[in-house]
Amino acid sequence: MTQPLLKVSHVSKRFTRHVALDDMSIEVPQGSIYGLLGPNGAGKTTLIRIINHITLPDSGEVVFDGHPLTMADVAHIGYLPEERGLYKKMKVGEQAIFFARLKGLSRAQAVTELKKWFEKFEIMEWWGKKVSELSKGMAQKVQFIITVLHRPKLLIFDEPFSGFDPINANMLKEEIMELRREGSTIIFSTHNMSSVEEICDDITLINSSRNVLSGNVDEIRRRFCKDRYVIGLADEGDKLLLPSIEPMTVERTMERNDDGTSTLKVHLSPDADVRGLINAVNEHGTILSFNEAMASMNDIFINVVESTRL
Amino acid sequence: MNQISLIIQREFIERVSKKSFIIVTILMPLLMLLLSVLPALMMQFSSSDGRNIVVVDETGVIAPDLHDTEDVTFSRSAQVLDSALTMKDVAGILYIPSTAVENTSGIAYYSNGPVSMNVEGELQAQLNDIIESRRIERSNIENLRQVMDDIHSDVQLLTFRNDTDELSQESSALSFVLGIGLALVLYMFLLLYGQMVMSSIIEEKNNRVLELVVTSVKPVHLMLGKIFGIASVAVVQILIWMALLCCISAFVIPATLPTEMMSEVSAVQAGTFDAATSQYDADFVNTVATLGSVGYIFNMLFVMLLFLVAGFLFYAAIFAAIGSAVENVQDASQLSFVAMVPIILGLVLSFSAVQDPQSGLAVACSYIPLTSPMVMMARLPFGIAAWEVILSLVILVASFLFTAWLAGKIYRVGIFMYGKKPTLKDLWHWSRQA
Chain A
20 MTQPLLKVSH VSKRFTRHVA LDDMSIEVPQ GSIYGLLGPN GAGKTTLIRI INHITLPDSG
80 EVVFDGHPLT MADVAHIGYL PEERGLYKKM KVGEQAIFFA RLKGLSRAQA VTELKKWFEK
140 FEIMEWWGKK VSELSKGMAQ KVQFIITVLH RPKLLIFDEP FSGFDPINAN MLKEEIMELR
200 REGSTIIFST HNMSSVEEIC DDITLINSSR NVLSGNVDEI RRRFCKDRYV IGLADEGDKL
260 LLPSIEPMTV ERTMERNDDG TSTLKVHLSP DADVRGLINA VNEHGTILSF NEAMASMNDI
320 FINVVESTRL
Chain B
432 MNQISLIIQR EFIERVSKKS FIIVTILMPL LMLLLSVLPA LMMQFSSSDG RNIVVVDETG
492 VIAPDLHDTE DVTFSRSAQV LDSALTMKDV AGILYIPSTA VENTSGIAYY SNGPVSMNVE
552 GELQAQLNDI IESRRIERSN IENLRQVMDD IHSDVQLLTF RNDTDELSQE SSALSFVLGI
612 GLALVLYMFL LLYGQMVMSS IIEEKNNRVL ELVVTSVKPV HLMLGKIFGI ASVAVVQILI
672 WMALLCCISA FVIPATLPTE MMSEVSAVQA GTFDAATSQY DADFVNTVAT LGSVGYIFNM
732 LFVMLLFLVA GFLFYAAIFA AIGSAVENVQ DASQLSFVAM VPIILGLVLS FSAVQDPQSG
792 LAVACSYIPL TSPMVMMARL PFGIAAWEVI LSLVILVASF LFTAWLAGKI YRVGIFMYGK
852 KPTLKDLWHW SRQA
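Taken in sequence, the protein lines are chains A and B. Each position in the first sequence, counted from 1, maps to that position plus 19 in this note's numbering. Each position in the second sequence, counted from 1, maps to that position plus 431 in this note's numbering.
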C-alpha cells in the first residue's frame with residue numbers, strides 16, 4: 020500500500036475558552052474519498068483549517084505527501100468552504116483568474132483551464148457578469164470551478180451539495196468521482212449520511228474534539244451489524260421456519276413484502292454459525308438472497324455520537 | 432511576495448475602476464476651485480441691486496459728503512426721523528442727530544430687513560471719514576490734515592527667516608492657511624481611507640469570501656495587501672490632485688492677475704521686492720508669489736505625500752484590526768472610536784499648532800505617531816528643519832511596523848470570530864494568542 024497523502028498525527032488545538040481538537044489523528048489514503056463526519060461544533064472546521072494551513076496546531080504533526088505540511092503545500096490543496104462567498108462586484112472570469120493565480124497558476128494557464136471548465140458547465144456567458152448578478156446556485160458552480168481549477172492533489176469539500184438542486188447535485192457528484200479517477204484525493208465533510216454511504220471509501224467521525232470512529236465505510240457498517248443477516252424468501256416459508264431458527268438466534272423478524280416475497284432479518288447468536296442458519300432456513304423456505312446486514316451511516320452516526328457524549 | 436502583489440492589484444483595480452472614484456477624483460478639484468471663486472461671484476451678483484438709503488441729517492454737514500458705492504446709494508431727505516421711518520420701500524434710514532460731529536453716539540441706522548455686513552461696514556467707514564474731516568476743520572489748526580497724514584503709519588511687515596540658509600520672504604498668514612489646509616487634507620484622507628480599509632475587511636468577512644482567500648494567502652499577507660492596495664489608491668488620487676494644483680499654480684495664477692502685479696510677484700521671487708514702493712498689499716503679493724512658485728508647492732506636497740502614506744499605513748493597521756473583529760459596520764462604530772478620536776484630536780491640535788508652531792505641545796505632538804501626520808502638516812509651512820521632519824517620519828513608519836504586527840495578530844484570530852460583538856479586551860486577548 021502506498022503512503023497516505025495526508026497524515027494527521029496527535030493534533031491538538033485549544034482556543035481561549037475551549038479545546039477544539041484533542042489528540043486527533045487521521046490518515047487519508049492516496050486517491051480515496053474520505054468522509055469527515057461529526058455533529059456541529061465537533062471540531063471539523065478546525066481540523067480542515069489546520070489541514071489548509073490557516074490555523075497552526077498547538078501540538079501534533081500534519082504530514083502531506085510525505086513531508087510536514089508547509090504554506091507552499093496549499094497550492095496543492097483545493098478547499099470549498101461550507102459558507103460560500105465571492106467578491107460580489109468582481110466579474111466572474113476575472114475573479115476566477117484571481118483565485119487561480121493566488122494558487123500559483125499563471126494568467127494564461129488560468130484562462131485556458133477556466134475556459135475548459137466554463138464550457139463543460141455551459142456557463143461561458145457568465146464570464147463577464149458580476150457575481151452579484153448570479154443566483155446562489157450559479158455562484159456555487161463558479162466556486163466549485165475555482166476550487167478544482169488548479170488540479171490540486173487534495174480536495175476538501177465542506178457540504179458541497181447544499182444549495183444545489185438534485186440535477187446539479189448529481190452533476191457535481193459525477194465531477195467529484197471524475198476528479199478522483201484523475202488521481203485527486205478528496206476529503207468530504209457533510210451531514211448527509213446517504214451521500215457518505217454512496218461515495219466515501221473511508222470515514223472519520225469526530226465528536227467532542229476527538230476521533231471516535233475511523234475506518235472503511237463498508238467495514239464499519241458491517242461491524243455495527245455483526246452477526247446480523249438479511250434473507251430474502253420467495254414466500255413466508257412454513258410454520259416451522261421461525262421456531263427452527265429460534266435456538267441459534269438472538270432476534271428475528273419476518274416482514275411480508277407486497278409482491279408476496281418476504282424478508283427475514285436475524286441476529287445470530289455468537290456461538291451459532293452461518294451455515295447452520297442457512298440450512299435451517301433452506302429446509303423450511305425458498306431462499307432468494309442471503310446478505311450480511313449493513314447498518315446505515317445515519318444509525319451509526321447517532322449511535323456513536325450519543326454513546327461518546329461526555 | 433507574489434501573492435501580496437496579487438491582492439494589492441485586485442484591491443487597486445477594483446477601487447480605481449469604480450465610477451465613484453473617477454467622479455470624486457475629477458470633480459473634487461473643480462469643486463474646490465468653484466468654492467474659492469464663489470464668494471467673488473456672489474459679491475458681484477448681490478451688489479447689482481444698489482441699496483437705497485434715506486439719510487435724515489440734522490447737522491446738514493455730513494450728508495453732502497456721503498458718496499454712492501456699489502453696495503449703497505444715498506438720498507437725502509428733509510423729513511424728520513419719525514415720518515422718514517414710515518418709508519418701507521427703501522433699504523433703510525440713516526439718522527444723524529444734530530450733535531453728531533461732537534458726539535457720534537446718537538447715529539443710527541434703521542433697516543427694512545436684515546443688514547449685510549458690507550452695508551454696515553461701508554456706512555461706518557464713510558461716517559468716520561467725514562466726521563474726522565469735520566472735526567479737523569473745526570479745530571482751526573493750520574495744516575492739521577497734512578500733519579495728520581504725515582503722522583499716520585501703516586506698517587506692512589515683511590518677515591524673513593534668519594535661521595535657514597535661504598533668506599526667503601515669508602508670510603505667516605499664508606503659512607497659517609496652508610498649515611490648516613494641509614492638516615485638513617491629512618485628516619480627511621486618514622479618516623476616509625482608514626475607514627475604507629475597515630469596511631472592506633468587514634465586507635470580506637461578512638460575505639465569507641475571506642474563507643476562500645485565506646486558503647491561498649496567509650491572513651497577515653492578505654491584511655497587508657489590502658492596506659497597501661488601498662494606500663496606492665489614495666496615492667493615485669492625491670497625485671492627480673497635486674498635478675492639477677501644480678497646473679493651477681503654474682499657469683492659471685499668472686494668467687489671471689494684472690501684469691503690474693505679476694512684475695512685483697517676480698520681484699519677490701527674485702528677491703528684489705521693495706514693500707515701500709509697492710502699490711499692492713505686501714502680504715498679498717507675497718502670497719501670490721509663494722503659491723505661484725512651483726518648487727515651493729512641490730516640496731510641500733511631497734512631504735505631505737510621505738506623511739499621508741506613512742500616517743495612513745499606521746492608522747490602516749488599526750482600522751484593519753477593528754474590521755477583522757466585527758461582523759457589520761454598526762458593530763464597528765464603538766471600536767472604531769479608538770482610531771477616530773486620535774485623528775480628530777490631531778486636527779484640533781493642528782489648529783493650535785498654526786498659532787504657535789514652536790510651542791512645546793505642537794512640537795511634541797508632531798512626533799507622537801497618533802497625531803504627527805496632522806500636526807506636522809500644520810507646522811510644515813512655517814519652515815521646519817529637515818531633520819525634524821525626517822525624525823517624525825521615521826517614528827511614524829516604525830510605529831506602523833508595530834501596529835501592523837499587532838493588527839496582524841488580532842486579524843488572524845478576528846476573521847474567524849462570528850456571532851459575538853467583541854470588546855477591546857477581546858482584541859487584546861486575541862493579540863496574545865500564539
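Simulated from the structure, these hints should not be mistaken for lab results. Errors might be hidden in some of the hints.
Taking lysine-lysine pairs in the DSS-like style, the calculated list, with each CA pair at most 27 Å apart, reads [said to hold, decoys possible]:
(1) Lys-450/B - Lys-108/A
(2) Lys-649/B - Lys-26/A
(3) Lys-108/A - Lys-135/A
A short list of chain B residues far from chain A (calculated; beta carbon distances all over 12 Å) [claimed, not checked]:
(4) Asn-637
(5) Asn-638
(6) Val-640
(7) Val-644
Glycine included, each C-beta is placed from N, C-alpha and C at the ideal position.
Structure-based check of all given hints:
1. Lys-450/B - Lys-108/A: holds (12 Å)
2. Lys-649/B - Lys-26/A: holds (22 Å)
3. Lys-108/A - Lys-135/A: Holds: Lys-108/A and Lys-135/A sit about 24 Å apart, inside 27 Å.
4. Asn-637: Per Cβ check, Asn-637/B is inside 12 Å of chain A; nearest 8 Å; violated.
5. Asn-638: Its Cβ does come within 12 Å of chain A, the nearest being 4 Å, so this is violated.
6. Val-640: violated (4 Å)
7. Val-644: Label violated. Min Cβ-Cβ 7 Å, cutoff 12 Å.
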